[in-house]
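S.K.: Respectively, the protein sequence lines represent chains G and S.
Counting with my numbering, you get residues 27 to 136 for the letters of the first sequence.
Counting with my numbering, you get residues 27 to 136 for the letters of the second sequence.
The set of hints was computed from the structure by calculation and includes no laboratory data.
Incorrect hints may appear among the rest.
[Stated by the list, open to error] Think about it this way: if two alpha-carbon atoms lie no more than 25 Å apart in a straight line, the pair counts; the simulated BS3-like pairs of lysine-lysine are: (1) K118(G) x K65(S); (2) K91(G) x K47(S); (3) K41(S) x K91(G); (4) K41(G) x K41(S); (5) K41(S) x K47(G); (6) K91(G) x K31(S); (7) K31(S) x K47(G); (8) K47(S) x K31(G); (9) K47(G) x K91(S); (10) K65(G) x K41(S); (11) K47(S) x K118(G); (12) K41(G) x K47(S); (13) K91(S) x K31(G); (14) K91(S) x K41(G); (15) K118(S) x K91(G); (16) K118(S) x K65(G); (17) K118(G) x K118(S); (18) K65(G) x K65(S); (19) K41(G) x K65(S).
Treat the numbers as computed from the prediction; the structure is a model and nothing was measured.
Protein chains: 2
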Amino acid sequence: MGITKTTGFTQVQNKNALLFKALGHPARIAIIDHILSVKTCICSDLVDILPLSQATISQHLRELKEAGIIQGTIEGNSICYCLNTELMLEIKQIIDTYILLNRSNQTPCC
Amino acid sequence: MGITKTTGFTQVQNKNALLFKALGHPARIAIIDHILSVKTCICSDLVDILPLSQATISQHLRELKEAGIIQGTIEGNSICYCLNTELMLEIKQIIDTYILLNRSNQTPCC
DNA sequence: AAAAATTATCGTAATATTGCGATATAACTT
DNA sequence: AAGTTATATCGCAATATTACGATAATTTTT
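Construct the entire structure; sequences and hints are all you get.
M.R.: Here it is, written out as structure tokens:
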């Protein structure tokens with residue numbers, strides 16, 4: 027069917043899945059890496075850096091933006107994208123909680 | 027085209043994207059949640075818990091296993107799945123590095 | 001040995017994702 | 001105003017993902 031079932035899962039489960047899904051593509055990881063490497067927001071050197079067309083990059087930027095992972099503000103004729111620090115911390119929280127719960131498991135059975 | 031381009035990205039970027047992709051589905055998040063909640067590995071109460079068929083659950087388990095996120099060992103006529111602690115720590119490391127790099131960014135520009 | 005239980009796999013249908021060229025939009029530059 | 005630059009969107013084709021019923025494979029139970 028191709029459609030992801032969301033009923034029957036908790037809101038948090040659905041929300042977290044969407045976050046991770048947004049991170050689940052090398053182009054989107056590369057965009058994040060680039061933002062972090064230039065230590066400021068980016069305009070669009072991305073087109074010169076990624077092995078993808080402008081249209082495709084724009085699409086990936088939109089997905090990251092819709093997931094809340096990056097924010098973009100219009101800056102004259104270009105757009106200034108940078109990481110949403112709060113959301114990154116949220117993701118960290120999810121993983122940290124997993125690690126913590128896992129640590130409290132009784133036996134490493136497998 | 028539907029096919030994800032991997033050439034032109036680093037190996038690490040591709041690898042990390044695959045990890046996050048594996049986490050990017052509510053059923054797979056729910057599976058992880060359940061393993062953590064029962065504090066031990068699971069056999070297959072999953073069929074009674076998730077709103078999905080046995081076939082579909084088996085598919086999601088395989089994806090988690092292929093990504094290295096869970097491990098399964100055959101245990102008589104059922105299978106014992108549990109989290110791969112090492113891989114969870116790897117994921118934590120990825121996120122922690124992101125947070126760290128982001129923190130060292132000069133100006134919160136956007 | 002037959003039946004039951006547990007899990008994986010196959011085949012298939014529906015939908016989503018990816019990628020790109022072409023085009024649109026908007027703002028700057030001259 | 002015309003051209004240039006930066007970004008978004010549309011439309012499309014190719015491939016991937018999701019979900020499930022049916023079936024296979026394996027082990028346990030009876």
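S.K.: Under the criterion that the straight-line Cα-Cα distance not exceed 25 Å, is the pair K91(G), K47(S) satisfied?
M.R.: Holds - the C-alpha atoms of K47(S) and K91(G) are around 17 Å apart, at most 25 Å.
S.K.: Going straight from one Cα to the other, do K47(S) and K118(G) come out at no more than 25 Å?
M.R.: Measuring from Cα to Cα gives roughly 16 Å; hence the hint holds.
S.K.: Straight-line Cα separation of K41(G) and K65(S) no greater than 25 Å?
M.R.: 23 Å, holds
S.K.: Just to be careful, I want the Cα atoms of K41(G) and K41(S) compared with a cutoff of 25 Å; is the pair within it?
M.R.: 23 Å, holds
S.K.: Given the hint that K47(G) pairs with K91(S), does the C-alpha gap stay at or below 25 Å?
M.R.: 17 Å, holds
S.K.: For the pair supplied as a hint, K118(S) and K91(G), is the alpha-carbon distance within the 25 Å limit?
M.R.: OK: K118(S) and K91(G) at ~22 Å, within 25 Å.
S.K.: Check the hint pairing K41(S) with K91(G) against an upper bound of 25 Å on the C-alpha distance.
M.R.: With Cα atoms ~22 Å apart, K41(S) and K91(G) stay inside 25 Å; holds.
S.K.: Taking only the CA atoms, is the gap from K91(S) to K41(G) under or equal to 25 Å?
M.R.: The given pair, whose Cα atoms are some 22 Å apart, holds under the 25 Å limit.
S.K.: For a C-alpha distance cap of 25 Å, please report whether K118(G) and K118(S) respect it.
M.R.: Between K118(G) and K118(S) the Cα gap is close to 7 Å, so the pair holds against 25 Å.
S.K.: Please work out if K41(G) and K47(S) have their alpha carbons no farther apart than 25 Å.
M.R.: 14 Å, holds
S.K.: Are K118(S) and K65(G) close enough, with their CA atoms no more than 25 Å apart?
M.R.: Holds, at roughly 21 Å.
S.K.: Hinted pair, alpha-carbon criterion (25 Å max): K91(S), K31(G). Please report holds or violated.
M.R.: 21 Å, holds
Checked against the numbered hints given earlier, the structure breaks only hint 18 and satisfies all the rest.
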